[in-house]
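Participant: Start from the sequences and build out the full structure, keeping to the hints where you can.
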Amino acid sequence: MVELLVVLFLIGLMLSIAVPSFIHTVETLKFKATARKIVSTLRYARNTAVFKQMSQAVGFDIDNNLYYLGGQKIDEDEDPLSRNIKTFKLPSDVSIKSMEMVKERIESGKGNILFYPDGSSSSGAIIVKNKRTDEGFIIEVDIFTGLTHVTFYRE
1 MVELLVVLFL IGLMLSIAVP SFIHTVETLK FKATARKIVS TLRYARNTAV
51 FKQMSQAVGF DIDNNLYYLG GQKIDEDEDP LSRNIKTFKL PSDVSIKSME
101 MVKERIESGK GNILFYPDGS SSSGAIIVKN KRTDEGFIIE VDIFTGLTHV
151 TFYRE
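Residue numbers (the numbering used here): 1 to 155.
Hint data in this document are derived by calculation from the structure and do not stem from the laboratory. If you're wondering where the values come from, they're calculated on a predicted model, not measured in any experiment. The beta-carbon is built from N, C-alpha and C at its ideal position, and this holds for glycine as well. All clues stand as given, with none of them false.
For each label pair, taking beta carbons as the anchor points, the in silico distance ranges come out as: (1) Phe144 <-> Gly12: 54 to 60 Å; (2) Ser108 <-> Ile17: 39 to 45 Å; (3) Glu27 <-> Asp118: 36 to 42 Å; (4) Met14 <-> Lys131: 29 to 35 Å; (5) Gly109 <-> Glu27: 26 to 32 Å; (6) Lys89 <-> Ser16: 32 to 38 Å; (7) Leu147 <-> Asp63: 27 to 33 Å; (8) Pro91 <-> Tyr116: 29 to 35 Å; (9) Met14 <-> Asp142: 43 to 49 Å.
As a list, the in silico BS3-like pairs of lysine-lysine whose alpha-carbon atoms are at most 27 Å apart: (10) Lys32 <-> Lys89; (11) Lys89 <-> Lys37; (12) Lys103 <-> Lys129; (13) Lys32 <-> Lys129; (14) Lys129 <-> Lys37; (15) Lys129 <-> Lys30; (16) Lys30 <-> Lys97; (17) Lys30 <-> Lys86; (18) Lys86 <-> Lys131; (19) Lys131 <-> Lys97; (20) Lys32 <-> Lys97; (21) Lys86 <-> Lys129; (22) Lys131 <-> Lys89; (23) Lys89 <-> Lys129; (24) Lys32 <-> Lys86; (25) Lys32 <-> Lys131; (26) Lys129 <-> Lys97; (27) Lys37 <-> Lys86; (28) Lys37 <-> Lys131; (29) Lys30 <-> Lys89; (30) Lys131 <-> Lys30; (31) Lys52 <-> Lys37; (32) Lys97 <-> Lys86; (33) Lys97 <-> Lys37; (34) Lys86 <-> Lys52.
Facilitator: This is the structure:
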């Protein structure tokens with residue numbers, strides 16, 4: 001009987017150590033999946049611009065925590081839903097902290113990254129933060145090639 005209690009105690013102790021680690025791992029994987037989705041949207045826009053020989057825009061709405069894929073440039077006051085634009089909502093625990101463009105930093109409102117028919121882009125960086133943890137990532141878009149690079153960080 002005592003042996004059974006010791007075994008149950010050890011199992012409980014191991015679970016109390018393993019479960020929080022597992023939960024953190026799942027949250028990290030979800031956060032990285034968000035980065036992959038944004039990057040794939042940016043890559044899709046670049047490839048579409050080259051293939052169709054027509055500029056493509058990926059817009060970011062910092063205040064409403066969403067990003068969208070549009071054809072041409074999307075104006076600041078335009079609702080992306082009005083043009084039947086593919087819109088993606090970020091998970092509730094993830095937020096766009098800011099966008100860094102060539103000449104400005106946007107911390108609220110909307111911003112666009114444009115991709116041109118030659119594969120180049122308007123350039124920029126999107127800084128995204130996990131509200132629950134101290135994790136974040138920066139997606140940089142190269143001005144000459146339009147290619148993306150992701151850097152994960154912890155504060």
